[in-house]
Structure formats: C-alpha cells, structure tokens
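Put chain R on the given structure of chain P with help from the hints.
Number of protein chains: 2
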Amino acid sequence: MFRYNERMRKNVHGSSCDLPASLRSRKNNRSRRYPFQGDFTWKGVRAEDYKTGGSDWEGILRQVIIGSRGETAKFSLRYFEIAPGGYSSHETHEHEHVVVGIRGEGKALMNRRAVRVGFLDVVYVSPGTPHRLFNPFSEPFGFFCIVNRERDHPRPVGR
Amino acid sequence: MFRYNERMRKNVHGSSCDLPASLRSRKNNRSRRYPFQGDFTWKGVRAEDYKTGGSDWEGILRQVIIGSRGETAKFSLRYFEIAPGGYSSHETHEHEHVVVGIRGEGKALMNRRAVRVGFLDVVYVSPGTPHRLFNPFSEPFGFFCIVNRERDHPRPVGR
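Residue numbers (our numbering), protein chains in the order written: chain P, -2 to 156; chain R, -2 to 156.
Looking at chain P on its own, in the form it has when it is part of the complex (with noise of 0.2 angstroms):
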C-alpha cells in the first residue's frame, strides 16, 4: 500500500487554526502563494487521505490546494494522487470534474469506455457520467480535479 512520506503528512498550514472562524476565513481571502515543493506537495497544503469512509476506493490522497481555507472562488482546486494498482470510488453526481494529468499517467473510466489521462492532458466529465480515476501502471499517478464548490453528493455505481 502506498504511503507519503511524513513531511508531506506534517505540511498543515501554519498558525491560522488558533484563529476564530471568520478572522480565519478573512485572512485566508486574501491573495497567496503555493509554492510548488517539487515532491508533488505545496508548501501550506496538508495532504489528507481521499474520503473518510467506504471500501470502494485504495491507494489516493488528497491535497486541497484552493477551496478549503476561507477562498471565495466558486471551485476548488485539488490535486489526487493514486498509487501503483490504485482507483477511486467508481460512481456519478451531477456536478462536472475538470482533471488535468500533472504526474506519471493514468486512465478516466466514463461510462464504459477507458482513456488515457497524461502529463497535462484535460477531461471533462459531464454531469450524470459514471466514472472511476485508476492507476493501471507502476508509477504513481498525479492529478488536479477541478470541481465547482458548491456541489451533489457522489452516487456510487453498480450496486
């Protein structure tokens, strides 16, 4: 099973969680920088595992990079990465996810058909499309999924 490493687990944001609520939400409004670590980690990004719950999914973390710290932009900016054998849950919703292959390559599963998703290839999955991400290869596979922030719960598929 893939793990990252402890640096990347430690990464949490610096001091803004001894702040209330909305000072925190003001304070992280405001205009910043994610520098890029070069191990596929942003510097002030916490990397979490990809849901909290359910047996359908295996080796994914996540890191949301833009849409959980008091952002007002109407999506989100994630970045997954899925180990060696890995997938995410195969399911539906109604809202769309934009991915973009950033790391190794992997494949995007939409209704039954499979396709290759690449160093900075972009898919769009549309609203009601069943789909599952998954790493059929031996390196890890990276990549952004943009959401809209306001969104559907996931329906999982085929059962």
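Hints are supplied without guarantee of correctness; some may be wrong.
As the list makes no split between identical chains, a pair holds if one copy fits it or if it spans any two.
Unchecked claim - 27 angstroms max Cα-Cα, derived BS3-like pairs, lysine-lysine:
no. : residue 1 : residue 2
1   : K104      : K24
2   : K71       : K24
3   : K48       : K71
Simulated from the structure, these hints should not be mistaken for lab results.
Frame of chain P; chain R shown alone:
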C-alpha cells in the same frame, strides 16, 4: 513580437460549428478528453488573442480549454502564454484568479508585491487585488488560469 505557429491558430474544434447552438451545447457538454500535444496546445482547443482590444498588454495568447463549448461547470480553465517581455493588463475585479504555472516561469504582481510563478506553483488572487502577470525572462511563460464562469468585468488600475 511573439507569435504562435500556424498549427496553433488553425486548431479549431472539429465540425460542431455547423450545428445549431442548442445541439452544439448539448453535444459539447458530453464528457471529453483534450489531449496535450506537447507544444502547449490541446487537441480541439483554439488559440486566441488575450483580449480583443486595449493597449495595456503585450505578447499574450489565450486558449480556453474548458468553459466556452457548452460545459456546465461554474468555472473555466484557460491557458495563457506570455512571451518574453510580455505582460497582461494591470487590472482589478471582484472575481478570483487561480494561476498554476506550467511552462517556464514568470511573475505575478499582486498589489505592490511581485511573486515568482514557476512550474506548478499555485497563486490565488483574491477579489479586489490589483494584479498583472508578466514575463521578465527569456523563455515563454505559460500558466493555467481558473476563474468563475460568471464574473465581473476587469477595471484598469492607475488610470
């Protein structure tokens, strides 16, 4: 002055231009893959000028990857490329920018502070922050810029 090659300019999206707008919209809200072609173009995406008017910018081309072909997401994904010595308008607006460097390096002026934007660095430009992207380096500077689909018009700064 910086120019793209002819391939980039002619790379117009398929044959959908012949369809009525309603059909075109439904057709283009389907799931779709935009393969990266290695030269910072995407198959099915056309390069355009940064803006149709104005004289406060120089040496920029834009490619709207997601957001102009009937997609229903509440955001647009664009790629901009600034030639050496080029710059965007110095402007402010109420919508946010999320900038992700993917080619070369450049700078983002936000208020009076210029920060470096290198490969996969992420910059959040908050509402009302006067800003300009520019390229003081000798290689092209390319970046994704994600914005809300519905957004206010920019206002020039300092005029």
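Do the hints match the structure? See the list:
no.: 1; hint: K104 / K24; result: between (38 angstroms within a copy, 23 angstroms between copies)
no.: 2; hint: K71 / K24; result: both (18 angstroms within a copy, 24 angstroms between copies)
no.: 3; hint: K48 / K71; result: both (22 angstroms within a copy, 23 angstroms between copies)
Every hint, counting from the list given before, is met by this structure.
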